[in-house]
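Given chain A, put chain B in place with the hints provided.
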Amino acid sequence: MKKFLASALLFGLLGQASAQSVPINSTITLSNYSVITSTTVNTSAITTASLITVYPWWILWQPTWKCRRWDLTACTSTDLANPNYRQILFMPSGYTEEERSAFWTDFDTFITNMSNAGSVWSTVKRDRLLYVGYYVTGGALGTPTAAFGGAVMAHPIRDYALTLSLEAVKQKVAAIKGSDIPNLKPMGVQVILNNFQDNITANAAPPSFLGGSYGIAKMNRDDLRSGYIATHELGHAALNFVDEYVETGLENLNIRSIDVATPLVLFDGSWSGFVRGINDLFGIYDYNISEILAGNGNHNVAISSVPSTVYSPISAAQQYPYEGGMFFGKGTFHAAGKNLMNSDRTNPGPQNGFAYAHSGAQWMLINTAFGDAPYRANDRLRAAGPTDGWWGELGDQTVVMMYDGDKRNHFHATQSYQVQVGWWERVWFTSWWGPFPYPDYRDEWRTAQKTVWPTERRIELRATSLYGLGNLAQSVLCGVGVTEIPKPDGGVFKLCEQPLSTIASAFLPTFTFRTPYEESTVPASQWWTTYWWRFAAYNGHTTSGWTGWSSFYRSL
Amino acid sequence: MKNRGLVVTTLALAAGVAIYALKFGGNAPPPPAAALPTEPTQGERIAAVERVVQERNRNLGEEARRFEADGWQMVAADAPEPRLTEMDPGLIAAGRERELRVQIASTTTAARNARNLGRILLLAELPETREAATDALGRIKGDAGKIELIEVLTSGKLQPDDLGRRQIAAYLRPSDLDAELAPRIAGLLDSKALTVAEKEQIAYNLALVGLRDGMTLADDVLATLSPEARALIDRMTDLGGKAFLAHTDSHKNH
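Those protein sequences? They're chains A and B, same order as listed. If you want the numbering used here, it's the 1-based position in the first sequence plus 30. If you want the numbering used here, it's the 1-based position in the second sequence plus 946.
The reader is advised that the hints may include incorrect statements.
[Unchecked claim] Here are the simulated lysine to aspartate or glutamate pairs, DMTMM-like style, with alpha carbons at most 25 Å apart: (1) 1188(B) <-> 490(A); (2) 1103(B) <-> 990(B); (3) 368(A) <-> 1107(B).
Quick caveat, the hints were computed from the structure, so don't treat them as lab data.
Extracted from the complex, chain A is given alone in its bound form (with noise of 0.2 Å):
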């Protein structure tokens, strides 16, 4: 309680700050507490002498975190290091110093929302949750000094976006970690933005799209009203789910419709030479850019009503009989259940819609997000390439490349692989018709394995390429949170503030995608000899079948 009441004062002495004073911002970390000594002096008093003077006079007792449980009740360094919670990082932007305690008021609010909303994830599971609250000062929203340069800009999609630098919070959760909160793991980090206007959609990266442990999610303070926003977006940044609803307009749609641009995608320096060569030539590789989109990792979402296309020795093949999601209303599949990520609007039912709880499917990932092990097997794969019967391998290598919708999983990521070649063996042997001996043989089947480890594999798409679809191609990734994309000098090109129409090509940006396909060198040296492969994936539980064979032929 005393911290409050610091804090209180605080706020109270800088409201009576002259318009002459300049902040001055510096923290001694002490626990969970920061000496603060960020307040307003004078600026004909800004001396080194000055400072060490009122030093004592100023020094007030601020936290700068907080970890609360969802009764808000105070947990410990000993809590965080349990491995047996999961924790959530809730951040301030567009707070200056005098909205500390305002910042603190809205993360018990958001606490509180999130442990009482229906059955979600977060209520139910909310003696499992720690909330680290971390106050980062700054400037007001749309000042240079915003924390993680946050702001509300005119959207080229949506009325108003929330937007600010997802490089920025990766960057202070490191730091955080390394200095303040040893054991700091966020499942997802939430941003809260200074701001009550009620026309921006709140909006959030899952952990698959920005390739780390967490996602981001951002919200304002109007987002507070209900629980919904919060559990909402985190259900994107900490359990990966995407979007089970459907856009206006987009109702008779087809994901599979964006495959059109799958030819302007490049291979890049993550894959072998090979990948990349033969596939230029001719194009024998089976990758789409709906299956990175929707079948990346995602385990709610998926692009077929039976998922599993494998048999799976721990569970029956999933059923996801409801069609939309991911904006587009043909094409993708969800499980039957009203739930958090889905809405009302298109094609409401018994068993299709919103409510605040989650499919089956959903509880299975969550679940296992708070350390059951996989309901299921990796169950999502796909022999790749070479096109079934491919006649052209040359050399004495081949390289296959596997699907595998699940070597993204966020919580049960395919450890390996087991990848069979087999090819038939010519063995002689002496054969008699009647008294006269003669060379005969037989075919012997033989079978060669391998564990492969999967690696990152990309895909690039670049803009420049992309002609009139570079309007489609910005819609898509800012609504699955892709915000930020990283250019070769260090910085990031802000893809959701302009429309990409309006950027002069010399600036347009290349698009990285991690993607859901490995490859698997195979040694095949033998002249005009069919080879038969296969593989199955481990997730550290659980291995899935068997593909079905598949063959390429090695000519020379």
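Then chain B, alone, in the frame of chain A:
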């Protein structure tokens, strides 16, 4: 009559040679003893054949050793079954549809299997098998798979809400608007066999291909389309060319 006997004898000899050739697969033993200067013993015959066998087995296991040297391990596994790998529709009647579905859904199909997949799409009892067949046909490079899909779509044999039919229209994308298949795909916009949603998907595909390449359908192709079909393509081109996310789910109404 004499000639007839000669013909019969010649045919019999030819048949014998053919059988012998087939039997030994081009690996016939040495010529009969009568052709040799001296009669080989049975032991010599066996030794000669064994030398041939040994010579031909000279590289036996070499490929396995090559794999092992590359870090692979030789294991026992069942060989592929041709009926599965060739996607034989007869497996449905044989009660093996689930195996067939795994084969279809978990591999990338060759164009030579398009016909079989087209039959499976119509014959399969499980909706997920039909869905997998459509996906497999749609992923085939080239036109063979798309032609099968067009035939199924226009046949009216699958209901619009059938899982096997729902994705077909989305796969009907010509490689470009000058492609041989483009007029046929565009012509589907005037087909009475298609639903409104299917026509929208096809028009959207044509629009996106055009936006990607900076092209439109050739004038003579457009001339064959109804005004409604042309208007649909225009509408989809407009939709594809602008940012589509109105984000109508405002996130505020829950």
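Here is how each hint holds up against the structure:
1. 1188(B) <-> 490(A): Given that 25 Å is the threshold and the Cα spacing comes to 22 Å, the pair holds.
2. 1103(B) <-> 990(B): Not satisfied, since the Cα-Cα distance of roughly 68 Å exceeds 25 Å.
3. 368(A) <-> 1107(B): holds, 22 Å
Checked against the numbered hints listed earlier, the structure breaks hint 2 alone; every other hint is satisfied.
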